[in-house]
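Same order as they appear, the protein sequences are chains A and B. Here UniProt numbering is used: the first residue of the first sequence is 1, the next is one more, and so on. Here UniProt numbering is used: the first residue of the second sequence is 1, the next is one more, and so on.
These aren't lab readings, by the way, just hints derived from the structure by calculation. Just so you know, not all the hints are guaranteed correct.
[Stated by the list, open to error] Straight-line C-alpha distance at most 20 Å; calculated SDA-like pairs for lysine to any residue:
hint	chain 1	residue 1	chain 2	residue 2
1	A	129	B	165
2	A	138	B	68
3	B	77	B	4
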Amino acid sequence: ASLCFQAFLQMCNLPVRVVCRANAEYMSPSGKLPFIHVGNQVVSELGPIVQFVKAKGHSLSDGLDEVQKAEMKAYMELVNNMLLTAELYLQWCDDATVEEITHPRYGSPYPWPLNRILSYQKQWEVRRKMKAIGWAGKTLDQVLEDVDQCCQALSQRLGTQPYFFNKQPTELDALVFGHLFTILTTQLTTDELSEKVKNYSNLTAFCRRIEQQYFEGHDKDSSATVTARSAKRSLLR
Amino acid sequence: MAAPMELSCWGGDWGLPSLHPESLTVMAYAKFSGAPLTVNTINNPWRAPKADVPALISEDIIISQPAKILSFLRKQKYNADYQLSAKQGADTLAYIALLEEKLLPALLHTFWIEAENYCNVTKPWFASRIAFPLSLYLPGKMSREALNRITLTKGGPPLYSLTEVEAQIYRDAKECLNLLSKRLGTSQFFFGDTPTTLDAFVFGFLAPIYKVCFPRVQLQDHLKQLPNLCRLCDDILTCYFRLTVSGHSPAGQDTADANLQKLTQLVNKESNLIEKMDDNLRKSPQHPPRKLTTLKLAAGGEESSPLNRLSP
Numbered sequence: 001a002s003l004c005f006q007a008f009l010q011m012c013n014l015p016v017r018v019v020c021r022a023n024a025e026y027m028s029p030s031g032k033l034p035f036i037h038v039g040n041q042v043v044s045e046l047g048p049i050v051q052f053v054k055a056k057g058h059s060l061s062d063g064l065d066e067v068q069k070a071e072m073k074a075y076m077e078l079v080n081n082m083l084l085t086a087e088l089y090l091q092w093c094d095d096a097t098v099e100e101i102t103h104p105r106y107g108s109p110y111p112w113p114l115n116r117i118l119s120y121q122k123q124w125e126v127r128r129k130m131k132a133i134g135w136a137g138k139t140l141d142q143v144l145e146d147v148d149q150c151c152q153a154l155s156q157r158l159g160t161q162p163y164f165f166n167k168q169p170t171e172l173d174a175l176v177f178g179h180l181f182t183i184l185t186t187q188l189t190t191d192e193l194s195e196k197v198k199n200y201s202n203l204t205a206f207c208r209r210i211e212q213q214y215f216e217g218h219d220k221d222s223s224a225t226v227t228a229r230s231a232k233r234s235l236l237r
Numbered sequence: 001m002a003a004p005m006e007l008s009c010w011g012g013d014w015g016l017p018s019l020h021p022e023s024l025t026v027m028a029y030a031k032f033s034g035a036p037l038t039v040n041t042i043n044n045p046w047r048a049p050k051a052d053v054p055a056l057i058s059e060d061i062i063i064s065q066p067a068k069i070l071s072f073l074r075k076q077k078y079n080a081d082y083q084l085s086a087k088q089g090a091d092t093l094a095y096i097a098l099l100e101e102k103l104l105p106a107l108l109h110t111f112w113i114e115a116e117n118y119c120n121v122t123k124p125w126f127a128s129r130i131a132f133p134l135s136l137y138l139p140g141k142m143s144r145e146a147l148n149r150i151t152l153t154k155g156g157p158p159l160y161s162l163t164e165v166e167a168q169i170y171r172d173a174k175e176c177l178n179l180l181s182k183r184l185g186t187s188q189f190f191f192g193d194t195p196t197t198l199d200a201f202v203f204g205f206l207a208p209i210y211k212v213c214f215p216r217v218q219l220q221d222h223l224k225q226l227p228n229l230c231r232l233c234d235d236i237l238t239c240y241f242r243l244t245v246s247g248h249s250p251a252g253q254d255t256a257d258a259n260l261q262k263l264t265q266l267v268n269k270e271s272n273l274i275e276k277m278d279d280n281l282r283k284s285p286q287h288p289p290r291k292l293t294t295l296k297l298a299a300g301g302e303e304s305s306p307l308n309r310l311s312p
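Please put together the full structure from these sequences, using the hints given.
Here it is as structure tokens:
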């Protein structure tokens, strides 16, 4: 998710500095990461940040007509609904991943036994949520199939265009880039998730294009560390 | 393909074939694609397979969620989307996600959590269709599940109280309705002249909001301001469900129904009185019955004209 914001802010041509903090979740006004700190104000979550940036006079979706805006919102919900939930599922409900990767990562800033307690608490919370929306009964294969369907939809919508709404990048491009890049670059126990995304060549080309255009403008070193750190941070979600 | 298919789902009222959004979606899709489904409304959820509704039963296979039921129907060659391009198929998925994220919480709230609606409409309706003693337990359970879903998915900080969450979900729902209306524009269905999966889902979610008479109706009022969405629901109901939908708005129909009920009651009262008078007359034959009935008619006022028609 942090990558979505960075991409979005880069696309708006706003300079941004990324800082990693262990207590980031507590600093955020809504408890959710990431958040931006501008002057006296602190704003978190994609929706409010987009509105905040718009209020300051930068917006990526002004050129769209009403129907396109409706489509953009619908696709953003699709990404949130499918990809985000699938990522959460994989991190917290798939036992193998949980044991090997998530628990150690999530608990790493804290001493024992706090690390175990906090990660179990988070896991219980996520599992409750999955149950409420009906994903608890899904097997890993079904989740992967859903991700595949979502990627197929995104791929068909993108087609051969450079961005989802042709010439200009929008919030949707930032969001999709953030999620797909995270999936493609994060090491998990299985590569199945990233394989699903790699099946769609226009999506991988899309990610590479945005990375080159907006992230390699900075120093190679800082962008590499930034992407690595934000990849880690999104797992800490 | 010729295997008989049975759908068990919640029944309907207020002019709808079902009150349950997911059941409505499946029924609508079946009508659009021409799938021969026998619909069994549930009177006894113990018997419903896995108590998961709606459920499609074909031979020995039981399938329970709308998305899975729809893909099963498509595999059986009942496909309402064959005319859609790949991009339109992708749009369908996106809009369905929008409906589930933005509209469903408010729908659940209107049905199951809003106290007046729940106590006066939803609970009695569902309880009347569930066998005792389950009728005491199941509506409460469905209400708790709805609340759980809303608080877990929408209720994180900074929204700490339920009223703030409610305000947020209704805002989202109204925005979603506006977006759908803009997308529909002036065309008959979302993708041209034939209805597709997206129309089935939109119908399934919107029709209960549109038709059910709740005491607290902020979402319904908002929906009525979007005439193209109301027209879509009415069109689907008249064309595919062959249910009579009067041209009146539900409020108008309500008052018409209430008036009809009052009228019927008055007529019944009058005819009972007349019978009593007739009996009295038979005991005392000197008064000609006609005069008395004319007296009765004169006293009746507005009930007189139907009385004229009804009494011999």
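Flag every earlier hint the structure violates by its number, smallest first. none
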